[in-house]
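Protein chains: 2
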Amino acid sequence: MAAETSEVQRAQEQFRDELLRAGVLVDGGSPGLYLRSGTFERIVAGIDRLVSEAGRSHRAPVLHFPAVMTRRDFEATGYVGSFPDLLGSIHTFGGGDREHRRMLAEVEEGGSWTEHLQPSDLMMCSAACHPLYPTRRGKLARGGEVYEVFGQVFRHEPSVDPARMQTFRQHEFVRLGDDTSAVAHRDAWVERAVDIHRSLGLDVSTEVANDPFFGRAGRIMADSQRDEALKIEIVATVSSEDRPTAITSANCHQDHFGQSFGIETAEGRVAHTSCVGFGVERITLALYRRHGLDVEAWPAQVRSLLAV
Amino acid sequence: MAAETSEVQRAQEQFRDELLRAGVLVDGGSPGLYLRSGTFERIVAGIDRLVSEAGRSHRAPVLHFPAVMTRRDFEATGYVGSFPDLLGSIHTFGGGDREHRRMLAEVEEGGSWTEHLQPSDLMMCSAACHPLYPTRRGKLARGGEVYEVFGQVFRHEPSVDPARMQTFRQHEFVRLGDDTSAVAHRDAWVERAVDIHRSLGLDVSTEVANDPFFGRAGRIMADSQRDEALKIEIVATVSSEDRPTAITSANCHQDHFGQSFGIETAEGRVAHTSCVGFGVERITLALYRRHGLDVEAWPAQVRSLLAV
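Line order of the protein sequences matches chains A and B. Sequential numbering from 1 applies to the first sequence in this note's numbering. Sequential numbering from 1 applies to the second sequence in this note's numbering.
Worth flagging that the hints you see were computed from the coordinates, not collected in a lab. Possibly wrong hints are sitting among the right ones.
As the list claims (entries may be wrong) - Computed footprint of chain A on chain B, listed as stretches where at least three residues anywhere in the stretch have a Cβ under 8 Å from a Cβ of chain A:
hint, segment
1, 136–146
2, 224–233
As the list claims (entries may be wrong) - The following label-pair restraints were derived from C-beta to C-beta distances:
hint, chain 1, residue 1, chain 2, residue 2, range
3, A, A45, B, G111, 40 to 46 Å
4, B, G96, A, E106, 25 to 31 Å
5, B, Q14, A, E106, 51 to 57 Å
By construction, the Cβ of each residue, glycine as well, lies at the ideal position given by its N, Cα and C atoms.
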């Protein structure tokens, strides 16, 4: 197991180094932090277009989320309970000239200057669809609602694997309604997502999966999520052939967010929600892995679909 | 003065409320935090295209930055000294099951659960071009270098003014080289930027300006920045006709970043840097203010230029 792990890690480091050498990514100075090239972003834009087209029949309102959300809404998501190790809290300075002088002295001495900061009312956004739910409190439209959302995610999980970035984006279609429609939305999108990935030449498969719930209690939550098949991941080779990477994920949240944010169906029942989330950075990396680091040499059909 | 201020604030609140009612922005739950509509983002994409085209002759490498950067690089920028009130530090949880239980109990009691967090090695990015400099340590190419960068910025300055968001983007062209070329880059871009804004029907003017340096010492730095005319802002009406808003800014940093990050010209002198930064959210808001909230009713030439 240890040998296998170190084999996987070597493959991850190797792919990361190839990406850095080719200038696809630039090292941001911390594991999982990268500056992205213009070509990388043109591929992301191409994927975003394909995903939007696949969901056009929803006629869904489109929302783009900032990288942060309020602490109050973050607490309501239950994320502190489930994934405390991944969260990011934003702390700021509220002092005057005197406190500033003290803090600066700490900076200059290499001291712990952050002791002069206080928690702000903001957190890093941990899941792309989180900022949507607080805006949907109350009763949904009859028949439920679908939103197309572009979210930014922070996860504190430094890694040598270029597929495990500390900040990344997810392009989602989120369904809010009754339980049947939530499950149907998830299932329909698994099929659509497989088609999109295959049209780009990716060799993908689907897997029942679980989120990385924290600690001992988390193991039970993970088992339960798997037993109920709430999370389906679409996986492909990115850094390592021995350990495929989830590049898109389709999830039933049951009534978790409906309860947490007081969202109800038109009939007055607690809303169920589901979402499909395309990990656009990971899909981009899967394409580099599949078709090579020279985008000019990619298959014509793939380049045409992505307009790169 | 107080009466004038409250007049400006009323105008800001009024414009914000109009944007929220029209669904251009959605309230994110904290002053200056918004979810952005799909139409808003299509306008941003149009502005980005125009800016890229205006800089095409640079043949500049393109880099897209994440919303965070390393604490080490952040400290080197000098931002803690100049703008401590605006920064954001990211704190994370490194405990085990026992610490997690204690922290969760605080969350449930509405206590100060963030005491269980530690400062991570990451900060929110405070200026769009900051992540570039640590990647350019050492000697520049002969004749200097230009980069086109897409940056994300966090500023802790909650405001009712929709033009003062806590998170926003800047699209920049950054020059690194000798002092003469840095000043020339800045000046050439002021003219180009004025042309771009006027082509979109915006009534803009240019002003010598200063950054909001903190505290008593900051006043001297602000005066010096003005005296040397290091910062030129392009201003337009956004929220208030009485107080125009800087929508684009062109800045000479002299050798500040060259010194801080050990960047040298090919001849071995400390590099000077300058940048033009287009505030794409503010430009978008200026367009809504100028042409109205119904994009379909905007002048045909403006819609055509932006492809909206």
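**Request:** Given the hint of 40 to 46 Å, check if A/A45 and B/G111 actually sit that far apart at their C-beta atoms.
**Result:** 44 Å, holds
**Message:** Quick check on a hinted range of 51 to 57 Å for B/Q14 and A/E106, using CB atoms only.
**Reply:** 43 Å, violated
**Request:** Three residues minimum, CB to CB under 8 Å: does the segment 136–146 of chain B make the cut for coverage by chain A? Let me know.
**Result:** violated (count 0)
**Message:** Taking the Cβ atom of B/G96 and the Cβ atom of A/E106, is their distance within the range 25 to 31 Å?
**Reply:** 28 Å, holds
**Request:** Verify the coverage statement for the segment 224–233 of chain B against chain A, using a C-beta to C-beta distance below 8 Å and requiring 3 or more qualifying residues.
**Result:** Coverage by chain A is violated here, the residue count being 0 at a Cβ distance below 8 Å.
Consistency with the previously given hints fails for numbers 1, 2, 5, ordered from lowest to highest.
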